[in-house]
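Q: Sequence:
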Amino acid sequence: MVSISHVVEDIVKHRPYLSESLAAGIINVSSLARQLQPDVERKLRKEVNTGAIVMALNRLAPYLQVREQVQLNKLLSNMGDIILRSNLCDYTFKNSPTLLDCHIEVLKNLVKNDEIFYTMVQGVFETNLVISDAMETLIADFFKDELCLFKQGSLSSVTLKLPKGNSMQPGFYYTIMKELSWEGINLTEVISSTNEFTVVVDNSLIDKTFVVLKNIGKR
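Counting from 0, one number per residue, gives the positions in the sequence shown under numbering that gives the first Met the number 0.
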């Protein structure tokens, strides 16, 4: 039989901001209990006293403190290398039947040039490219018949090598994004793979971004 404590824990652990605030002791537990009450009752299919939810939250807080310290902080402290790239340009093109051919032509020209930064992310309706601005003429040539929805230059990127297991840790990416947000760093693009995480920012923000990401595991 599912208990109130299990339901409350399940709700909290899927909301990283809530988990963090509860672990830090900076949240009004009584107010939170009243806010969670409808969800708890829906999952248990019965009425639940607010006091019981308060007790469940109070029992959960010490566990969250340990979990945050032992699991999440361990991952953050094991970040790998940080790679900086400058002089980048960001493009967004509307998807078309010929867009992939344009991408292939660009790659053929870059295959022997390891110094060029180039990423492509294809969405449902549009495709994003981030490339070294030295290739601006090449992009203009190969994509001349495509519809460019957005273009921004004077950008830089910071790439983090991520520790193994990052994708299994709730709140991992939230913690990184939260630190950047707190410092007022606006992200032009976010590019992620299994073991790499890249943020693209305006050149004026690159030093600040580097410092935040370099120190993220040392707090």
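Do not take every clue at face value.
To be verified - Simulated pairs of lysine-lysine, BS3-like, Cα-Cα distance not exceeding 30 Å:
id, residue 1, residue 2
1, K111, K143
2, K160, K111
3, K160, K207
4, K163, K12
5, K143, K93
6, K143, K177
7, K207, K163
What the hints contain is simulated information worked out from the structure, not anything from laboratory work.
Q: For every hint, state whether the structure bears it out.
A: Checked hints:
no., hint, verdict
1, K111 to K143, "23 Å, holds"
2, K160 to K111, "24 Å, holds"
3, K160 to K207, "18 Å, holds"
4, K163 to K12, "21 Å, holds"
5, K143 to K93, "12 Å, holds"
6, K143 to K177, "38 Å, violated"
7, K207 to K163, "26 Å, holds"
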